[in-house]
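K.L.:
The primary structure of each chain is shown beneath.
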Amino acid sequence: MKPVISEHETAHPLSLVRYVVGFVGCVVLTLTAYLLVTRSTWPQGAIVGTLALLALLQFIIQMVLFLHVTEERGSHWKLVTMGLMLSVVLILVGGSIWIMNNLNYRMTPQQIDQYMRSQDSL
Amino acid sequence: MSEVTTTLNMHQIEARATEKTTFGFWVYLMTDCVLFAGLFSVYAVLHGNTFGGPSGHDLFKLPYVLVETMVLLTSSFTCGMAMLAAQRRDRTQVLAWLGVTFLLGLTFLGMELSEFHNMVLDGNSWRRSGFLSSYFTLVGTHGLHITFGLLWMAVTCVFMIKKGLTESVLKRLTLLSLFWHFLDVIWIFIFTIVYLFGSRGI
Numbered sequence: 051m052k053p054v055i056s057e058h059e060t061a062h063p064l065s066l067v068r069y070v071v072g073f074v075g076c077v078v079l080t081l082t083a084y085l086l087v088t089r090s091t092w093p094q095g096a097i098v099g100t101l102a103l104l105a106l107l108q109f110i111i112q113m114v115l116f117l118h119v120t121e122e123r124g125s126h127w128k129l130v131t132m133g134l135m136l137s138v139v140l141i142l143v144g145g146s147i148w149i150m151n152n153l154n155y156r157m158t159p160q161q162i163d164q165y166m167r168s169q170d171s172l
Numbered sequence: 061m062s063e064v065t066t067t068l069n070m071h072q073i074e075a076r077a078t079e080k081t082t083f084g085f086w087v088y089l090m091t092d093c094v095l096f097a098g099l100f101s102v103y104a105v106l107h108g109n110t111f112g113g114p115s116g117h118d119l120f121k122l123p124y125v126l127v128e129t130m131v132l133l134t135s136s137f138t139c140g141m142a143m144l145a146a147q148r149r150d151r152t153q154v155l156a157w158l159g160v161t162f163l164l165g166l167t168f169l170g171m172e173l174s175e176f177h178n179m180v181l182d183g184n185s186w187r188r189s190g191f192l193s194s195y196f197t198l199v200g201t202h203g204l205h206i207t208f209g210l211l212w213m214a215v216t217c218v219f220m221i222k223k224g225l226t227e228s229v230l231k232r233l234t235l236l237s238l239f240w241h242f243l244d245v246i247w248i249f250i251f252t253i254v255y256l257f258g259s260r261g262i
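Read top to bottom, the protein sequences are chains A and B. In this text, residue positions in the first sequence follow the working numbering: the first is 51, and each later residue adds one. In this text, residue positions in the second sequence follow the working numbering: the first is 61, and each later residue adds one.
Just so you know, the hints here were simulated from the structure itself, not pulled from any lab data. All C-beta atoms in this analysis are idealised placements derived from N, C-alpha and C, irrespective of residue type, glycine included. Treat each hint with caution, since some may be false.
Which residues of chain A face chain B? A partial, calculated answer using Cβ under 10 Å [said to hold, decoys possible]:
1) Val77
2) Tyr84
3) Leu101
4) Thr120
5) Trp127
6) Leu134
7) Leu136
8) Leu140
9) Gly144
10) Ile147
11) Met150
12) Met157
Listed next, the in silico SDA-like pairs over lysine to any residue satisfying Cα-Cα at most 20 Å (straight line) [stated by the list, open to error]:
13) B:Lys80 with A:Leu64
14) B:Lys80 with A:Val130
15) B:Lys231 with B:Glu79
16) B:Lys231 with B:Phe208
17) B:Lys80 with B:Thr226
18) B:Lys231 with A:Ser65
19) B:Lys121 with A:Leu129
20) B:Lys80 with A:Trp127
21) B:Lys223 with B:Arg151
Just chain B, same shape as in the assembly (with noise of 0.2 Å):
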C-alpha cells in the first residue's frame, strides 16, 4: 500500500514540474509577443515610407501568401496531430505527423526565402526604404523564429528516435507545440497588417 501511495506522488509530483515548465515557456512565449509587438509597431509607423521605391501594395503577391499561409495553418494542424499520437504514446504516428509538420515548415520557409530572394533581385532589399525596412526586419524575425522552431523539431524526433516516449521527450514535445502553434498565431497578424492591409495600400 505504501509502495502504491508513492508511486502515486512520484507522478504527481512529476505532472506538477510539467506544468510548472509549461508555465515558465508560456510566460517566454508571452515576451516574445511584445517582441513582436515592437517591430509591428515600427512597421506601423514606417510602412508608409517608401522613399520613391516601391509599396506593399506593388510588392505583394497575394496568392502566393495565401499559399504560404495555408501551408503554415496546415503545419500547425498536423503539429496538434502529433499531439494528440503523443497522447495515446503511438511512436510511430508521432514522427509521421511530426514529419509531416517539418515537412510543411520547410515549405513554409523556402517560400518565404525565395519571396525574399527574389525582392532583393529586383533590387527592393532592406536598404531600398524605411518600408523594407521594416518588412524584412518583421517578416524576417518570424521567419528565424520558424527556424529555430524547425531545428527543435529535427532534435526532438532524434531524442525520441533513439529514446523512445519518454516523460522528458513528452515535456519536449508540449513545449514545442506550444511554440509551433504560437508561430501560428503571430502569422495571423503578419498576413492581415503586412500582407492583406499593404496590398489595398491602407
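In isolation and in its complexed conformation, chain A is listed as follows (with noise of 0.2 Å):
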C-alpha cells in the first residue's frame, strides 16, 4: 500500500518553488506593464507589441506553473483541448476586429447607416 501512495503522490508533483517562481514573475511582468504605460513615451505601436507580449508571457507563465497543463497523465488531451479553444478564440477575437475595421476603412458612417436603413427596409 505505502510505495503506491507515494507512487501516487509523486504523479502529481506540486512544489513550492514553482508556485514562488511563478508568483514573483507574474508580480514582475505585472509591474514592468504598469511602468510602460505610466512613464514610457515609446510610440504607441512598440507599446502595443510590448504589452501583448508580456500579457502573452504571463499567460505562458500562469498556464504551466499554476494550472500545470504541461504535468500529470492525460496531458495530452489537456493540450488538445487548449489548442481547440485558442484557435476558437483567435477567429472569434480576429475575426470580428477584422471585419469592423474592413467595414469602416469601405463605408463612411453615413454609408453604413444608410446600408443598415436599406437593409432594415427589406
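Relying on the hints, combine the two individually framed chains into one complex.
P.N.:
Take a look at the structure:
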C-alpha cells in the first residue's frame, strides 16, 4: 500500500518552488507592463506590441506553473482542448476585429447608416 | 496478498476517476474561455463608440486597478499554497490559506464593485455608451465568476471543517484551485486590453 501512495503523490508534483517562481514572475511582468504604460514615451505601436508580449508571457507562466497544463498524465488531451480553444478564440476575436475594421475602412458612417436602413426596409 | 492488490486497484480506480473529473472540468474552463473571447471581441469592436461620453482614458484609475490586480494575483498564489498544504494532508493550513484566499478574493470583488458604483454615480453606467455597455459586461462577467468562486470556496471550507480532508473534499479543492487560477488568467487579459490599452487611448 505504502509505495503506491507515494507513487500516486509524486505523479502530481506540486512544489513550492513552482508557485513562488510563478508568483514573482507574474508580479514582475505586471509591474513592467504598468510602468511601461505610465512612464514610457515609446511610440504607440511599440507599446502595444510589448504589452501583448508581456501578457502572453504571463499567460504561459500561469498556465504551466499554476494550472499545470504540461504535467500530469492525460495532459495530452488537456493540450488538445486548449489548442482547440485558442483557435476558436483567435477566429472569433481576430475575425470580429478584421471584419469591423474592413467595414470602417470601406464605408463612411453615413454609408453604414444608409446601408442598415436599406436592409431594415427589406 | 490478494487483499493488498484489491486495495491497490481501488486506489488506482479512485485516482483515475479524479483524473476524469478534472479533465471534464478542464473542458468546461476551455468553453468558458470561448465565452470570454466573445465578450472580448464585442469590447474590441465597441470600445471606440463612446457616444460623446467618457473613454477608458478618462475613466480608469490605473494605480487602483494595479492594486486590484496584485490582490487577485496574490490570492491565486495563496490558493496554490492551500493546495500544497492539502497535499501534505494538513487541514489546519489548508483552512488558513483558503481563508486568506477568500479574504483577498472578497477584497478584489469589493474594489471592483466600488469602482462600478462610482462610475454609475457619475452617470457613466452601462446605458451611457456602447463602450461602457461592453466594459460592464466583460468586467462584470469576470466579477460574477469571482462571486461564484467565493461561494464555492466557503462551501468547501464548511465541508472540510465537518468531514475533514476526505477524498471527495480533495477533489473539490483540486477543481476549485483550477477555477481560481483560471480567473486570474482571464484577468491578465482584462488588465492588459481593457485597462492598460484603454488608459493609453489605444
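K.L.:
Look at each hint and say if it fits the structure.
P.N.:
Consistency of the hints with the structure:
no.: 1; hint: Val77; result: holds (7 Å)
no.: 2; hint: Tyr84; result: holds (5 Å)
no.: 3; hint: Leu101; result: holds (6 Å)
no.: 4; hint: Thr120; result: violated (13 Å)
no.: 5; hint: Trp127; result: holds (6 Å)
no.: 6; hint: Leu134; result: holds (7 Å)
no.: 7; hint: Leu136; result: holds (8 Å)
no.: 8; hint: Leu140; result: holds (9 Å)
no.: 9; hint: Gly144; result: holds (8 Å)
no.: 10; hint: Ile147; result: holds (5 Å)
no.: 11; hint: Met150; result: holds (5 Å)
no.: 12; hint: Met157; result: violated (15 Å)
no.: 13; hint: B:Lys80 with A:Leu64; result: holds (19 Å)
no.: 14; hint: B:Lys80 with A:Val130; result: holds (15 Å)
no.: 15; hint: B:Lys231 with B:Glu79; result: holds (9 Å)
no.: 16; hint: B:Lys231 with B:Phe208; result: holds (18 Å)
no.: 17; hint: B:Lys80 with B:Thr226; result: holds (18 Å)
no.: 18; hint: B:Lys231 with A:Ser65; result: holds (18 Å)
no.: 19; hint: B:Lys121 with A:Leu129; result: violated (37 Å)
no.: 20; hint: B:Lys80 with A:Trp127; result: holds (11 Å)
no.: 21; hint: B:Lys223 with B:Arg151; result: holds (11 Å)
Consistency with the previously given hints fails for numbers 4, 12 and 19, ordered from lowest to highest.
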